[in-house]
Every structure is written in C-alpha cells, then in structure tokens.
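A.B. asks: These two chains come separately, so use the hints to put the complex back together.
Residues per chain are reported as follows:
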Amino acid sequence: MQTIDWVQWLAFGILTLITVGGALAVVIDRNIFHSALWLLVSLFGVAGLFVLLNAPFLAAVQVLVYMGAIVILIIFAVMLTRRLMGITESVNSQWWIGALVSIVAFLVIALVLAQAGSGSAPLLARDPIATLSNRTVADFGAALVDPAQYALPFELASLLLTGAMIGAIVIAREDA
Amino acid sequence: MVPQTAYLIIAAILFCVGLYGALARRNAVSILMAVELMLNAVNLNLVTFWRFNTPNNDSTNGLKIGMAGQAFAAFVFVIAAAETAVGLALIIAMYRARQTVVAESADSLRG
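These protein sequence lines map, in sequence, to chains P and Z. Residue 63 in this note's numbering sits at position 61 of the first sequence; the count goes up by one each step and never skips. Residue 575 in this note's numbering sits at position 93 of the second sequence; the count goes up by one each step and never skips.
Here chain Z stands alone, though its shape is the one from the complex (with noise of 0.2 Å):
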C-alpha cells in the first residue's frame, strides 16, 4: 500500500508551488488561484490523516466511525467556495474602479 508520507508529501509540494503562486503572481486572479492549490493541499491532508488515523470505533455502535477528517474537509470545501466567491467580487469591483487587477496596484491604504 502507498504509505501516508507520500500522501503528506504530495500536498506539501501542493502547499509550497500555492505559496509560491501566492507569494510572486501579480495578478489577483492568479493569486486566488494559487490559495485554492494551498486549500487542496490542506484537504489532502485532512483526508491522508483520517485514512490512516482514525480511531475506528464502529464496534461500539453502527454510527459513530470517527468521520471527523472528511467532515471538516467537506467545510473546507465550503470556506474555499466562499472565499472565491467574496475574492473574485472585490477583484471585479477593483477592476472597475482601476481598471486593473494587478495585486500590487491596490495601495490606496498604504500610509
């Protein structure tokens, strides 16, 4: 079987190209999409975790096998749905204020 380090090892090389993406593109849609690589890559180890971790317990009672892994996975999934949602507004509203979406044109703010 493939052991769970190659898994873990997956989604850090995951993690670390949507931190790069993150941390160097200067378009705010190329930096929304290198967050969603970094989210995937927290999936893959919420998921790797419970596969290989969970106490199972369903001797006890039919119900309660230890769900937890997938579940807040699945609330990931929710987070990164709403996150792409709000970010990609705020980039439509800066494009029609500026008539630009790189990143670090959005200094307004900068004292």
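Only chain P is shown next, with the shape it has when bound in the complex (with noise of 0.2 Å):
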C-alpha cells in the first residue's frame, strides 16, 4: 500500500507539471502555432490525470477527440490564417486587468477549497471511493443508453454535433 501511495503521488506529480506548465505556455507564447502544440501537452496531462482518477475510458476519449481533433482543427484554422503568424503583440492592453481577474479567481476558489477540505468534518473527502467497481468502462457505457439514465441526453449530444457539424460547414463556405 505504502508503494502504491508513493509512485501514485510521483505520478500525480509530473502530471501536474505537464498539465500547469503546458497550460501556462498556451496562453505565454507568442508564436500561436507553438501555443497550439503546447496545448496538446497540457491536455496529455489532463488524460494522465484522468488515468489516476480510474476513468480510464475518459482518458482514451480525451487523447482521440481532444487531441486528435479538436488540436487538429485548432492547428487547421492556424495555417488557413497564416498571416498573422507575424504578429507581435499577443495579448491585448487589458491584459493585466485579465490576470489580475484570474489571479483573484484563483486565490477565492483556493480559499474556498482550503476552507472545505478542513476541519473536523471536512466537506471534501480525503480517500476516494474504496469499493470501486472494476468494470466501470462497462458501467458507463450501459449508463449512456439505459433509458433510464441517460440515453436521451447521448441521443440530444449527437443531434447537437451534428447541427454544429453543418453549421460549421455553412459559415466557412466560400460563397456564404
């Protein structure tokens, strides 16, 4: 158990550096092209993160559609607008009354999260859940299309991309 604890905490570790770090180059680098790369870093650390939250299933989701292609159409959409690849302000003059927002943001929900993860009787739980299922890839895609849960929502998502899908198609046509 004690072995377990100290390669989860390792893990959890480098996750964290990827996924912070990947994330701060995102919005500090100049070069768009190089910030959608290292968008692709962060959101490997976040299927990393989602691996040690035993949602093995999310992980594998976030790796093929997140990173392999939301970035790709991010990256797309870059080169189809090359021309500003020169451009040399990144951010504009409000910046920093944008990182003061966030910065406040953060500190508000650190509180909060500190205020709640105290105490006697903390309202967030220190342990996960113990008795977790082993099958919960299974779990949750029977969940999806139980009538019962949620198989109305999967259906309504499928619609929604859809829609998005032809709209998408009908803005960026040439003759629109």
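Treat the hints with care, since some could be wrong.
Partner residues are not named here, just some residues of chain Z that face chain P (Cβ under 7 Å, in silico) [claimed, not checked]: (1) V499; (2) L505; (3) S512; (4) V529; (5) A579; (6) G593.
These aren't lab readings, by the way, just hints derived from the structure by calculation. The C-beta atom is built at its ideal place from N, Cα and C for all residues, glycine as well.
C.D. replies: Structural data, given as structure tokens:
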C-alpha cells in the first residue's frame, strides 16, 4: 500500500507539471502555432490525471477527440489564417486586468477549497471511494444507453454535433 | 492517496490560466484554445467529484453505480467539439471578410 501511494504521488506530480506548464505556455507563447502544440502537452497531462482518477475511457476519449481532432482542427485554422503568425503583439492593452481577475479568482477558489478540505468533518473527501466497481467502463457504457439514465441526453448530444457540423460548413463556405 | 483537494487545486489553476488567456489574448484562435483549457478544468472537476463522492450503490443492482460524473464529462467533450468546429468556422469566415483574426477588430456591431 505504501509503495502504491508513493508511485501515485510521483505520477500526480509529473502530470501536474505537464498540465500546468503546458497551460501556461499556451497562454504565454507568442507564436500561435507553438501555442497549439503546447495545448497538446497540457491536454495529455489531463488525460493522465483521468487515468489516475480511474476513468480510463475518458482518458482515451481525451486523447482521441481532444488531442486527435480538436487540436488538429485548431492547427488547420492557424494555417488557414497564417498571415497573422508574424504578429508581435499577442496580448491586448487590458491584459493586466485579465491577469488580476484570474489571480483573484484562483485565490477565492483556493480559499474555499482550503476551508472545505480542513476541519474535523471536511466537506471534501480525503480518500477516494474504496469499493469502486472494477468494470467502470462497462457500467459507463450501460448508463449512456439506459433509458432510465442518459439515453436521451446521449441522443441529443449526437443531434447537437450534427447541427454544429452542418452549421460550421455553412458558415465557412466560400460563397456564403 | 492523493487527496481530492489536490486535484481540485490543479483544476482551479487550469481554469484560471485559461481565464487569463481568454481575457488577454488578441488572436481569436488563442482565445478558443484558452476556452479549451477552461473546459478541461471543468472536466477534471467532474471526474474528481465522481471518483471521490459518487454514492456507491452497486450492491443493490449491478448496473446503477452512479456514473453522473463521467457522463457529464462525456457531454462536455461533445460540447467542446461542437464549440471548436463552429468557432473555427466563424474565425475562418471573419478572416475571409476582414483579412484578420484579431478579436478586437470584429467591431461592426459596436454602437
């Protein structure tokens, strides 16, 4: 048990470094193409955290959909609007207000988390659910198509995707 | 074990970095990437709460173990894909019309 604990902390630390470092590089890097590549790194870190949280299916979807599809789409958009890659000014004139807002937001969240996680009866659990089913992927799949659970939202999501794809084609069409 | 608070702090950092990017960057594609970071932070939160707080009721029947967290995270994936596709289509249309993707140059509707 002790060794597993140690390995988990090590993995958590590495993944945190990848995720947060990648995210910071995304918003700081002036070259938008590099920014997109850093986004890939950050999303990979989040996929690793999903594995640590016993959600292997979501980790796979993260790699396939986010890193495989969405980032490729973003890179396509960067290349189609390539003239802008030589831009020198990457942040607007109000960037310091944005920095202030996000730092204050983080401090507020951290304060709330620190209060919820401390005390004799903390609101946040210290340990994960011990008796997790060892077939969570199968359970997840069954829940998505179970009419009593998520069958309707699942179908609606596919409808939304279809609508979004048609809309994207209509908007980006040459003679629109 | 890594406590719940640690994961939530990581998600908070990710969200705030994304918030800064969405507020400060000029390129519309960069703003879209920052929004992706924020959506990922939300997903991380959903999965964390699922892992640590789901009422474990699989003893009553085999299937009804609470899958709300993962299901919502999957729907966030769908929304993110739709949002990116439409957003990038808008950016490309804007680039075609104005030869720029700087967000503040889209000011035709300014009063």
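A.B. asks: None of the hints should be skipped; say for each whether it holds.
C.D. replies: Status of each hint after checking the structure:
1. V499: Where the cut-off is 7 Å and the nearest Cβ of chain P is about 4 Å from Z:V499, the hint holds.
2. L505: Interface hint status for Z:L505: holds (3 Å vs cutoff 7 Å).
3. S512: Since chain P brings a Cβ to about 6 Å from Z:S512, closer than 7 Å, the hint holds.
4. V529: holds, 5 Å
5. A579: violated, 10 Å
6. G593: violated, 19 Å
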